[in-house]
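Fit chain B to the supplied structure of chain A, relying on the hints for placement.
Protein chains: 2
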Amino acid sequence: MQESVTTIAIGPDRQAPRLLEKAIVGAGARVGALDDADALVWTGAPTAFPATLPPAVRWVQLPAAGVEDFFAAGVFAAHPGVVFTSAAGAFSHSVAEHALMLLLAGVRYLPEQLRATSWQQREFFPHVGSLRGKTVTIVGAGGIGRALIPMLAPLGAHVIAVNRSGRRVTGQGIPADVETVPADQLARVWSHTDHVVVAAPATDRTRHLVGADELARLKPSSWVINVARGSLVDTGALVHALSAGVIGGAGLDVTDPEPLPDGHPLWTLPNAIVTPHDSNPPQLRLAAFADHLGANVVRFLAGEPLHALIDPDRGY
Amino acid sequence: MQESVTTIAIGPDRQAPRLLEKAIVGAGARVGALDDADALVWTGAPTAFPATLPPAVRWVQLPAAGVEDFFAAGVFAAHPGVVFTSAAGAFSHSVAEHALMLLLAGVRYLPEQLRATSWQQREFFPHVGSLRGKTVTIVGAGGIGRALIPMLAPLGAHVIAVNRSGRRVTGQGIPADVETVPADQLARVWSHTDHVVVAAPATDRTRHLVGADELARLKPSSWVINVARGSLVDTGALVHALSAGVIGGAGLDVTDPEPLPDGHPLWTLPNAIVTPHDSNPPQLRLAAFADHLGANVVRFLAGEPLHALIDPDRGY
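Sequences listed follow chains A and B, in order.
Quick note on numbering: the first sequence equals residues 1 to 316 in this note's numbering.
Quick note on numbering: the second sequence equals residues 1 to 316 in this note's numbering.
Since the hints were derived computationally from the structure, they do not count as laboratory data.
The model shown is predicted, which means the values in this text are computed figures rather than measured ones.
Some hints could be false.
Put simply, identical chains are the same to the list, so a pair is met inside one copy or across any two.
What the hints assert, rightly or not - Below, computed lysine to any residue pairings styled on SDA-like, alpha-carbon distance capped at 20 Å: (1) 219 - 204; (2) 219 - 208; (3) 219 - 283; (4) 22 - 63; (5) 219 - 287; (6) 22 - 132; (7) 219 - 207; (8) 219 - 68; (9) 219 - 186; (10) 22 - 257; (11) 219 - 258.
Looking at chain A on its own, in the form it has when it is part of the complex:
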């Protein structure tokens, strides 16, 4: 009987995280030693990856979304008969939730309200906004963007998704009326949006994607949220726009420079929210990876295509 149960090993830690064991067992497999295993969940460094795997091991789940280091270490080339999957997409949810939190806190005037120590209803009334009927542009419609769109839809926000190709963004929970704009036409978006969420990768082309010109075309009520990389926003231009009331505010989980040094104006501007790159903290990463793993074990058992398959020839 026992031989008919699919066995999955977790390595290299002797003491595997309980959450991962639960995910495997919950999906219908059992956790066992590598020598008995049909698959391996690898939580360690690329350099520590086994040089040889038992022949029964057909699938390896890696713990990271980006697997350049495993590619560089020759892991894929050394195991040509094995299917590898990454954790791509697993960690987007928490970052998207963080972006939504920063945007809602800004639009509804939370920073000033949190500082208050007296009842200032009449003073605050005019500043409390809503996302209902507002346009939110998400620059970079990858995993984070695709996780954020379904969160914005029930709030009555209209979403403009900006991606490289301009191909319509689709996916679970993504409404059909989401507008998709190719990155090379981003310039025409700034004066048509209420808010902006930056969720694009950091490249030479996206550096200072939000600068003085772009900020000037937004509205005095606009919030700019950055959960991607600090370099995508021109910090100097942003500080000026926040001080001068060019835009409503900024919610930043990433900064440039990062860490943001003590005494930087972003720490004390009343319309800036800074969180120290903690939109995806370790304990949430582990929980998200466990969910991802569980879903892949279910697929492995059913013989279905796995999520986040790595193409060894392309290295991602």
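Structure of chain B alone, referenced to chain A:
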């Protein structure tokens, strides 16, 4: 030609809000004088309501969700042939959005992060939570609750809705897996939920619905959000629970007493967020009423049943 266009009057203000005119015109009717009108949008006091209406007026849209004052002023009895609608349901969205904002800000540790003036990533990491996979109990599944459930669903939260009857809560965007619990079984919910949103009406039975016993059964990570009425939460017990770490925190748009007096501990407790009953400020009310009006004008023109019909015999 002009006679075939349905005319809607706005009264009593000579200068009607532009948003309401836009809603009427956008829905396909025109704005005109009461003498030419097929319907009336009344934005004034019950006591100023016209004693007689031109016979062509078949429908009156009132501006409030609660219409006790119109009932008391005899408005419905004086116009037996006219259909009246209230604004019931129109104002729930903004309050639900505010509740979501307070809950997300709490769960993701925003208050402490907003106070920080230095990069404290390691210190903050363990405190940043997520709604994903968490249970949120909404006490009072009326308009606000039904607006909030679709906002929570894409965040991966499991919702328990508490209403009087225990009848399953349904509606647009409400997932089939929402658990509904009758109010008389509320006691069994406290130890099974992660967070609580109070959105029930204030009655003798709901006074201090959240007290010391209920707070003690929640978790040290639980947030309690109140967007209903201050009296539903026992303020003394809450202050103690917040100070002692019995729960994670509280987000309050309403307080008891209200306004919250200067020097009250809720102003300075690090895990309390107080907003001064501004979850539904005047400018958002007008926008929401305009949306409600527009939808009803569309229905009026199509001969379909109107939203929020008032039953004059029952007075609501």
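Evaluation of the provided hints:
no.: 1; hint: 219 - 204; result: neither (27 Å within a copy, 46 Å between copies)
no.: 2; hint: 219 - 208; result: within (19 Å within a copy, 43 Å between copies)
no.: 3; hint: 219 - 283; result: between (37 Å within a copy, 18 Å between copies)
no.: 4; hint: 22 - 63; result: within (16 Å within a copy, 54 Å between copies)
no.: 5; hint: 219 - 287; result: between (38 Å within a copy, 19 Å between copies)
no.: 6; hint: 22 - 132; result: between (40 Å within a copy, 17 Å between copies)
no.: 7; hint: 219 - 207; result: neither (22 Å within a copy, 43 Å between copies)
no.: 8; hint: 219 - 68; result: neither (40 Å within a copy, 41 Å between copies)
no.: 9; hint: 219 - 186; result: within (16 Å within a copy, 45 Å between copies)
no.: 10; hint: 22 - 257; result: neither (40 Å within a copy, 47 Å between copies)
no.: 11; hint: 219 - 258; result: neither (27 Å within a copy, 34 Å between copies)
The structure fails to meet hints 1, 7, 8, 10, 11 from the earlier list, while all remaining hints are met.
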